[in-house]
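So the protein lines, in turn, are chains D and X.
UniProt numbering applies: residue 1 is where the first sequence begins, and numbers increase by one.
UniProt numbering applies: residue 1 is where the second sequence begins, and numbers increase by one.
Treat the hints loosely; a few may be bogus.
For identical chains, the list gives no copy identity; a pair is met inside one copy or between any two copies.
Only pairs whose alpha carbons sit at most 25 Å apart, straight line, appear in this in silico DSS-like list of lysine-lysine [to be verified]:
(1) K228 x K318
(2) K228 x K45
(3) K285 x K318
(4) K155 x K45
(5) K45 x K238
(6) K133 x K19
(7) K318 x K304
(8) K19 x K318
(9) K318 x K155
(10) K318 x K20
(11) K133 x K304
(12) K285 x K304
(13) K213 x K155
No wet-lab data here; the hints were simulated from the structure.
Remember, predicted model here, so these are calculated numbers, not experimental data.
Number of protein chains: 2
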Amino acid sequence: MNILILSAGTRNKVVQYFKKELAETGRVIATDCSVLAPAIYEADKFYLVPRIDAPDYLDIVLDICKKEQIDGAFSLIDPELSLLARERERFLEAGTTPIISPYELVETCFDKYKMYELLTQMEIPTGRCFVDKEAFYLAEGNGELSYPVFVKPIKGSASMHINKVYGKEELEVLFGLYDDLMIQEFMNGTEYGADVYVDMQSGKCTSIFVKEKIKMRAGETDKAISYKDKELFSAIEKFVEKCGFCGMIDMDIFKIGDIYYISEVNPRFGGGYPHAHECGVNMPKQVIRNLKGESNPYTVGSYKAGVCMMKYNEVMIKDMSDTEMIE
Amino acid sequence: MNILILSAGTRNKVVQYFKKELAETGRVIATDCSVLAPAIYEADKFYLVPRIDAPDYLDIVLDICKKEQIDGAFSLIDPELSLLARERERFLEAGTTPIISPYELVETCFDKYKMYELLTQMEIPTGRCFVDKEAFYLAEGNGELSYPVFVKPIKGSASMHINKVYGKEELEVLFGLYDDLMIQEFMNGTEYGADVYVDMQSGKCTSIFVKEKIKMRAGETDKAISYKDKELFSAIEKFVEKCGFCGMIDMDIFKIGDIYYISEVNPRFGGGYPHAHECGVNMPKQVIRNLKGESNPYTVGSYKAGVCMMKYNEVMIKDMSDTEMIE
Chain D
1 MNILILSAGT RNKVVQYFKK ELAETGRVIA TDCSVLAPAI YEADKFYLVP
51 RIDAPDYLDI VLDICKKEQI DGAFSLIDPE LSLLARERER FLEAGTTPII
101 SPYELVETCF DKYKMYELLT QMEIPTGRCF VDKEAFYLAE GNGELSYPVF
151 VKPIKGSASM HINKVYGKEE LEVLFGLYDD LMIQEFMNGT EYGADVYVDM
201 QSGKCTSIFV KEKIKMRAGE TDKAISYKDK ELFSAIEKFV EKCGFCGMID
251 MDIFKIGDIY YISEVNPRFG GGYPHAHECG VNMPKQVIRN LKGESNPYTV
301 GSYKAGVCMM KYNEVMIKDM SDTEMIE
Chain X
1 MNILILSAGT RNKVVQYFKK ELAETGRVIA TDCSVLAPAI YEADKFYLVP
51 RIDAPDYLDI VLDICKKEQI DGAFSLIDPE LSLLARERER FLEAGTTPII
101 SPYELVETCF DKYKMYELLT QMEIPTGRCF VDKEAFYLAE GNGELSYPVF
151 VKPIKGSASM HINKVYGKEE LEVLFGLYDD LMIQEFMNGT EYGADVYVDM
201 QSGKCTSIFV KEKIKMRAGE TDKAISYKDK ELFSAIEKFV EKCGFCGMID
251 MDIFKIGDIY YISEVNPRFG GGYPHAHECG VNMPKQVIRN LKGESNPYTV
301 GSYKAGVCMM KYNEVMIKDM SDTEMIE
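Modelling step: build the complete structure from the supplied sequences, incorporating the hints.
Following this line, the structure appears as structure tokens:
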């Protein structure tokens, strides 16, 4: 059993967890476009590849899949998820299962307004969104929601170009400057993250790990504490199974009063996955079992609440005095 | 030999390095005001202390020094360095050597304009600074320097409230909004960081590690490559010895053309110290030798150039289900 981790970047822990899980039974191969991606050096073997928008990128990756007899492949960066989902058939032809949700669903995750429409249609609480600012002014005038609101690109990764806006004047300036913005209700509540696994054989949600985010830093969760609530588990299970997600998912959730609001879904390993793993949730094991054609047992909530995760910097050191650096 | 690391925060690597160096010959004690400071859990023992501005803070720290028979103490956060330097005598009375530069010098490091004056007076190249905006306009009008410039607080830690300003209008707005700002020449060159050790016994500079900063992230160096230049070593040695620095220092340097400009000095372990350490520079060993009354050999530049450091996230996990969280 060999696993390919695409665009491994700085996700050393994910590579380590897969290596540990495969132990002597298989190899972890990693790729990145940069020699300065520390995670590639954790793998059994790595390939330096072009950037994902290069015309020959897919062919190069498929060649690696064949040459290394890769059973399953996944990516750690957003722009590559669509590619993996769209080219599912070509990966399967190469003997590799792409570990990713269906293409349409992946696209919906990257379009915040489409995700809002999906959640609303499924009657799942979520913050209100507007692409039409006049519609927002009307709703704001009616007291349906109030400033501050978030103004952000409809499609956009991480916390890029997100502004908290306190009035009409500021909002007009932003809409004058940029295209494809949307207005999102500001959710002033407790923020949670969920690491979810949807079994690739059974389609059932087999793992959920929820943590309350305690401290953010540069758009990432820096400190968090594990949290359990059966009502939330049940809402997440229904949502991900009904949508047809597949494999690892990362979700952002807010709680205001007694209500949980789903705000974002990333169909990949979240940056906070090590918290789940260190608390006993093992997604690499589930991936491997699925790739063997077996389905996983239901283990939602089998972890302890009140366990804290605190990030700190580790360093990877590499002698590159003989390496030609093409950045 | 026991070492106290104050305000350890997320600096797990520094705690690990001291533990390793002391091995069975002594203990590392750490403090922080938060139970969510991962580095305290690396130490042999930790104390939760009040915030450094609490009235009884110093007494509490001195009590720890006596109780734990601490030989040397240092801090990892800027606001505490002045305290350590100012209260040197009280620490010495408690039997503890504060590992810090002299008080006046520490204060100069935190006042960017004072540091500019010091460097200028020593005829060391540095970016031009202005506290008087009219003087800046005059110099700009004469073509002595040009936009963009940095506008930043004279005293300020990390990259807080730093603006890159492209014209007079913007500059006027900032000066209208905030007090105690200064204008600093924008140094458009290669950026270096230096980890320097000044022997506490001999007053000589015994270690310098220089790295070129390759990639920044959230105000921190994310990737860097080790670098050697005898001319730069010699300039740093002269500067730190003449000023009378003491112990660990972190410096920011720019190179434009053939000239090195010193831009900032932090009289403490820099965030990038693990790069130096993993390349063979060992400051904990030098601290311990100094605390034993011995001076260190000259080892400036005894490392390899071209060695890359890449940061990634490690996680510390702690069960806090029985801990009362007072944040």
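Hints and how they fare:
1. K228 x K318: For K228 and K318, only the inter-copy Cα distance (17 Å) is at most 25 Å; the intra-copy one is 41 Å.
2. K228 x K45: Intra 38 Å, inter 31 Å, cutoff 25 Å: neither.
3. K285 x K318: between (30 Å within a copy, 23 Å between copies)
4. K155 x K45: neither (34 Å within a copy, 48 Å between copies)
5. K45 x K238: neither (39 Å within a copy, 46 Å between copies)
6. K133 x K19: So K133 and K19 fail the 25 Å test inside a copy (49 Å) and across (58 Å) alike.
7. K318 x K304: between (37 Å within a copy, 11 Å between copies)
8. K19 x K318: both (20 Å within a copy, 24 Å between copies)
9. K318 x K155: neither (36 Å within a copy, 36 Å between copies)
10. K318 x K20: both (22 Å within a copy, 22 Å between copies)
11. K133 x K304: neither (44 Å within a copy, 58 Å between copies)
12. K285 x K304: So K285 and K304 pass the 25 Å test inside one copy only (19 Å; across, 40 Å).
13. K213 x K155: within (24 Å within a copy, 31 Å between copies)
Checked against the numbered hints above, the structure breaks hints 2, 4, 5, 6, 9 and 11 and satisfies the rest.
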